[in-house]
Every structure is written in C-alpha cells, then in structure tokens.
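Number of protein chains: 2
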Amino acid sequence: MNSPIKVIAFDVFGTTVDWHGSIMQEIQQMGLNIDADQFANAWRSGYEPAMAEVRKGAKTWTKIDVLHRMILDKILDDFKITHLSEEQKVHLNLIWHRLHPWADTVEGLLLLKRRFKIVTLSNGNLGLLANMAKFGGLPWDLILSAEVFRHYKPDPETYLGVADIFDVQPHEVMLVATHTNDLKAAKSYGLKTAYVHRALEFGANQIKPIPDVSDFDLSAADFIDLAKKLV
Amino acid sequence: MNSPIKVIAFDVFGTTVDWHGSIMQEIQQMGLNIDADQFANAWRSGYEPAMAEVRKGAKTWTKIDVLHRMILDKILDDFKITHLSEEQKVHLNLIWHRLHPWADTVEGLLLLKRRFKIVTLSNGNLGLLANMAKFGGLPWDLILSAEVFRHYKPDPETYLGVADIFDVQPHEVMLVATHTNDLKAAKSYGLKTAYVHRALEFGANQIKPIPDVSDFDLSAADFIDLAKKLV
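If you read the protein sequences in the order shown, they are chains A and B.
Using the numbering used here, the first residue of the first sequence is number 14, and each one after it goes up by one.
Using the numbering used here, the first residue of the second sequence is number 14, and each one after it goes up by one.
Hints are all accurate, no fakes.
Same chains, same label: a pair holds when it works inside one copy or across any pair of copies.
Cross-link-like lysine to any residue pairs, in silico, SDA-like; alpha carbons within 25 Å at most: (1) 72 / 170; (2) 242 / 152; (3) 102 / 18; (4) 19 / 203; (5) 19 / 103.
Think of the hints as simulated: they come from the structure by calculation, not from any bench.
Just chain A, with the same shape it has in the complex (with noise of 0.2 Å):
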C-alpha cells in the first residue's frame, strides 16, 4: 500500500478483544447455572438498540458503562437470576473492562506501534478503556472514546473526529474493524479501512462467515498479519 497512513484507529469489542469468550469464562467460573454463551451473546446484543437511544437523541449521552449495566440487569432477570448482591451485579457490569486481547493482539499492535501512531476507536467509555488496556496490556498511544466526541459510531463526529485530533487528513487514518458497518461508515468519511477476520467473535457456536471486504483497502487474519502487510 503506498498510502501515507499516519494514524491507525482500532474498534476494540470483537476486534482488539474476545468480549464473547472472556464474559463466557467468568460466567462459568461465577459457577451460574445458565448457559454462558448465550449470556455473552444476550448482553451484548442488547448494545446497538441501547447506543441507538443515544443516538437518536431519544436518551441524553450516557456512558456505555451505564448501558451494560441496564442491559445487565434485564438478561438477569430473562435468565432469572436473582440471587446476586449490588456489589456482585458491579463487579459483573466491570467485566467488560477485563476482557482479554486476541492471541496476537498485543505482538500486533507492537509492531504497528513502531511505524505508526495506534489509537482506540471505540464505543467503550475512556475509564473502561483504560482499565481494559491497563489488564491487558494494550500498548495505545492513544485512547480515543466516543466519550470524548459525544457521538456514538457510526456518527461522522467520530472518524473524522480521529483526523482532527492528530491535525491529519482523514485519508492519512486508517480503521482497523472486523465489523463491516464500521468500516463502511469510515471508508464513507474518507478513512482508509482494513477488515480483520474475527471468527470466534460470537463464540464456536456462531462461527462468523468471512464477509465481502472488497470496499475495504485490506483484509487481515489478524493484527499480525496486518503489521506484516503495512510495517
């Protein structure tokens, strides 16, 4: 590719992290008697219509952290789960701020990191982010929310939003999603794209098909071999 990309932008629920698997492994050692990943699959899915609320201004802005934990409290009680304290449903809400990296997450992104500047894209609120980098090691230069913009992805605010704050052109901003909505919206805002396969995004029982990514400029395995294909 001999484009001048400055900036490196990554979604991270499903793209830097296994949200699926982490939620599944700590339902499971909660020792829940419920099927775990229809849990993981239940709460997440619960996060575009409650964004949306956002969105369309039907809700004022609200942190995702307050969203997970409305979403949170409905599937506990659609899997009819009552038997946990206030402090325990807290604890649970954090999980999302410890969501482990992909295998070749961290080794990725340290080889983009040498050439080019790698940011959050995220939906996920800075102190959740944060923590989440914190646990896991993610070496941002960094960490841009939607918190910080006040618009929600796909919101125009938000990608253009990444060129702004480097002072580059969108262009000069590559998004790096395994979401295909993401990608379309950014590559629409004038963003360079890159899709990276995320099969077990939803867990091995809804194995994700590999989607039509020929909009896109690339498309990896996964972010090492994205490093190898841009570095």
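Fit chain B to the supplied structure of chain A, relying on the hints for placement.
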C-alpha cells in the same frame, strides 16, 4: 499516607517535561541569533493570557497548538526573526510535542504505574500529549486533556472530570504538579495534592524557590521520590 488514592493525575508542562530546556536546546541548534532562554520564557508566558481568553469566553474553544502558534508569531516578531518559512514555523511550533521528560520522570511513572492508574491532566491538546508520550516514552494509562472536558485548568470541570471518568470520588484522585495554583484549585475541589519541585522549570537564570507547601498532602523532590512516598 493512609489514603485510598486510585488515580494519580499529572500536570505535564514543567512538572513532567522540561519545556524550557527542550525549547532552549532546539532554538540553539537552529542557529537563531537570539537569547534562547528569553525566547523560551517569552513563548511560555504568552500561554496563561491566551487560555484566559478561552476560559472567560472571549474566544471559542481553541487548541493549545493554535494558541502556541499565535504566541509564536508574536514573539518571532518581537525577537526580529523574519526569515523562517511557513514550513519552518509549523515545525518549530510542534516543539511542544517534542519536549523531553525530566531525568526521573519515566522511572518514577513506571514505579507509580504498578500501584495506581497514572494519567495526564494537562491543558495541552490530545494530539500534542499523545505525540509527546510517544516521543518521550511516557507510560500513561490514559491521556486526559482540557480538550476532553472543553475547559482549561483551573476550571473545576477538569479536576472533577478525572474522578468522573474513573467513577471514583475526588479524594481518590491525586494531582501532581509543580505549580501551586494548580494544586490549590485541585484541593478546593476535593482532590489530594502532591507538589514536586522543578527548580529549573524556567531555566538556570531563574531558579524556582521552594514555595510554601504546607497546604498540600505531599511534597517530593522528583517523581522517584514521589513513588517512594506513595508506593
């Protein structure tokens, strides 16, 4: 100190990095026939009045990069430097992204990072702080800036914003700074405070005297000394 400090927020210009020495060195290397010590101090002294314009609402939100450039244009005129190209001025202005840490800074931060979340709380913009961290190897857990809060220190939104980001109480955050006005403001909003003495902040011709630090929770000679007192 038997205090439940969870987050340590660091002032940056002067406290974490040596703006005066870094600017002096680069001005001397450029071979400009001016007093580099006076030039550095003139540039820095334009900073408070420029931010005050934003703080009192006379100017809409303006990044420090832009304020630095406005001040630079004025002092280049004052120092009768007329031969620099626009490209050279842009590069010179970005000197604030290339400030060197004090000799103890990185080691002290790494010690403190083991026990606490370490973050910036600077009036510098996010891009500046991210570039500076990459340049100097500053191991922040999170880079926070006035730009996130759209308020410059000493506005309360900045100090209280750090606590809000991490969902902790103000007294669980400690501000570290070499400027007593910054610390006094932080204290008035309920934060813990640590003074670090940077005798050479304004250069060897203006050694800073040790101020009255009796109002603050801690006083330290440098970041390594601070770590000894806190870890």
